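Go ahead and model the full structure; you've got the sequences and the hints to work with.
Listed here are the chains, written in short residue letters.
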Amino acid sequence: MLTLKSVHTFYGNIHALKGVSLHVNQGEIVTLIGANGAGKTTVLKTISGLTPAKRGSVAFEGRDITRMAAEEIVRSGISHVPEGRKVFGTLSLRDNIEMGGFIRGNKREVRADMLHFREKFPILADRWHQMAGTLSGGEQQVLAITRALMARPKLLILDEPSMGLAPLLVMETFKIIKTLREEGTTILLIEQNARAALHIADRGYVLETGKIVLQGKCQMLLEHEEVKRAYLGKGYREVWED
Amino acid sequence: MEKISLTGQLIQYIFTGITVGSIYAMVALGFNIIYNVTEIINFAQGEFVMLGGLIMVFFSAFLKLPLPLAFLLTVAVVTGVGALMERFTINPLKNATVLTMIIVTIAVSILLKGIAMFVWGKDPYIIPPFSGSEPIVILGAAIQTQTLWVLLMTAVVVVLLSLFFKKTRYGKAMLACADDPDAARLVGIKVNTMVLISFALSAAIGAVAGAIITPISLMEYDRGALLGLKGFGASVLGGLGSFYGAVVAGILLGIIESLCAGLISSGYKDAVALLLLLLVLYVRPSGLFGNVEAGKIKEF
Ligand SMILES: Nc1ncnc2c1ncn2[C@@H]1O[C@H](COP(=O)(O)OP(=O)(O)OP(=O)(O)O)[C@@H](O)[C@H]1O
Ligand SMILES: [Mg+2]
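Note that the protein sequences, when read in sequence, are chains C and W. According to the numbering used here, the first sequence is numbered sequentially starting from 1. According to the numbering used here, the second sequence is numbered sequentially starting from 1.
Any given hint might turn out to be false.
[What the hints assert, rightly or not] List time: in silico DMTMM-like cross-link candidates among lysine to aspartate or glutamate, alpha-carbon distance up to 20 Å:
#1 W:Lys94 - C:Glu71
#2 C:Lys86 - W:Asp180
#3 C:Lys54 - W:Asp182
#4 C:Lys86 - W:Asp179
[To be verified] Covered stretches of chain W, going by a simulated chain C footprint (3 or more residues, C-beta under 8 Å):
#5 160 to 174
#6 181 to 191
[To be verified] Over the 12 Å line for every Cβ pair with chain C, so calculated as not near, a few chain W residues:
#7 Ile103
#8 Cys177
#9 Val272
Just so you know, these hints were derived from the structure itself, not from any lab. It should be emphasised that the depicted structure is a prediction, and the values quoted were computed from it without experimental measurement. Every residue, glycine too, gets a C-beta built ideally from N, C-alpha and C.
In structure tokens, the structure reads:
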């Protein structure tokens, strides 16, 4: 469904992605793990068109989207929930959600979807006319995901959806992600909590300083010694006690 | 008798102030709309007002078109000028810094002024008031009917703008761009289009201001700069980017100026705006109604 072929992305002179190749199949949940600054966010921004690749290619459903503008890529069926939520702070929740459906022509369907999400997430319904900037982090996260879903994406890419959330809300977010998959949305997920991500996903990629160093089924990654040591926290105690 | 005449005079000053202030408010709104979407301070904003006035003169006095038609055509033409300005000067500069863009708007303002001088010459023009030239007397103050037109049109502009930003899809999309351009692109809002709309809209508002003020204060090719400066003052005073701040600050500025001109000396009236601006920037950089974030102007 989505294929990246040796993608190179730069921020000015900074070479952030150094030949990243990965793919996501229809119906999968794929996760990308890596240390801070490894380039996870940049991979997602390259897919959604915010920081287009300088070299290599990105293809979605057989179409080359490498040079496509972000506002066009969302029209082709990819929705990106950006790092740090980025809700429209001065707009009401309602209007944030409405803007999520900006690309859709059918007003009545958009309205129906808005009502659907309003019922699905009571957390949103209670603050329907409040400015989004006044929401708590967790509420903003739910809003950001809802806004992305309003575009009715075929592929949803999520950048640390559980960042800064209380454990209960983290569970809630993961539940939402699972439900989405069951409803047929394909998902590419970045998570700070690598263990949780590997448990929910089908396959994973490990990114290190702009390069994919490991990939495979999540079960395999969960048992991989390097992954355990570097990303799952296991073995820390032993090191500590040395 | 003396007393009534003093009240009458004060009322007169205040009305004059509100009238001029309404124009400043509209210029300030124009600044804010473009600033919110792009962070650009469009220094050609005052030229839109000047063009609005002179083109209105052309349609209504020269071509003798009926007033409503002349007015609509004026707004349409100036809106076109704003849109062309964006397409040919701002849009092609894809990766330029905000500062570069601001300098470009200064260049455009000089260009527009030059064209206006070429077309209309250096003399001021006037058109008759929209309805009757007989002033209305309120509490001993003679109020020109055009003043009422200015107030009415300002109110119409403010209401329409609020509706546009609160109720329409494109209005909300423009606010979304202002909040977070990247997030706006991710939901499919074409930021380029929103920038175009912001310039067209600001030009339209400028045109309205120019067309309605010309019967009161005349219009000539070089009025844009000072109007722009006053409007900018109102915009900063109200808190750069703040919608209601612009309206309140614009009118406040107009009243203070008018009182100062009437009670002290008209020679100081232009200095008042600048003095007030400096004072506010010194005491409260985010403006009277702005949030602290709007103090971003200090970036330059
Ligand atoms: N806007 C930017 N300008 C310059 N360099 C950037 C920018 N954004 C990211 N980088 C650099 O690119 C590299 C990858 O950053 P990226 O944000 O993709 O990392 P990440 O894996 O998402 O990290 P984190 O887990 O902290 O979110 C880092 O070295 C970072 O310093
Ligand atoms: Mg990141």
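Against the structure, the hints:
Our distance criterion of 20 Å between C-alpha atoms is met by lysine 94 of chain W and glutamate 71 of chain C, whose separation comes to about 16 Å. A hinted pair counts as satisfied when its Cα atoms are at most 20 Å apart, and lysine 86 of chain C with aspartate 180 of chain W qualifies at roughly 7 Å. Simply put, lysine 54 of chain C and aspartate 182 of chain W have alpha-carbon atoms about 19 Å apart, close enough for the 20 Å limit, and the pair holds. Between the alpha carbons of lysine 86 of chain C and aspartate 179 of chain W the distance comes to roughly 9 Å, so the proposed pair stays at or under 20 Å and holds.
With 3 residues having a beta carbon nearer than 8 Å to a beta carbon of chain C, the segment 160 to 174 of chain W meets the requirement of three or more and the stated coverage holds. Evaluation of the coverage hint for the segment 181 to 191 of chain W: fulfilled, as 10 residues show C-beta separations to chain C shorter than 8 Å, against a requirement of three. Against the 12 Å criterion, isoleucine 103 of chain W stays outside the reach of chain C, whose nearest CB is about 23 Å from its own CB. A cut-off of 12 Å between C-beta atoms contradicts the statement that cysteine 177 of chain W is not in contact with chain C; the least separation is 9 Å.
The beta carbon of valine 272 of chain W sits about 32 Å from the closest Cβ of chain C, which is more than 12 Å, so the claim that it is off the interface holds.
Hint 8 from the earlier list is the only one contradicted by this structure; the remaining hints agree with it.
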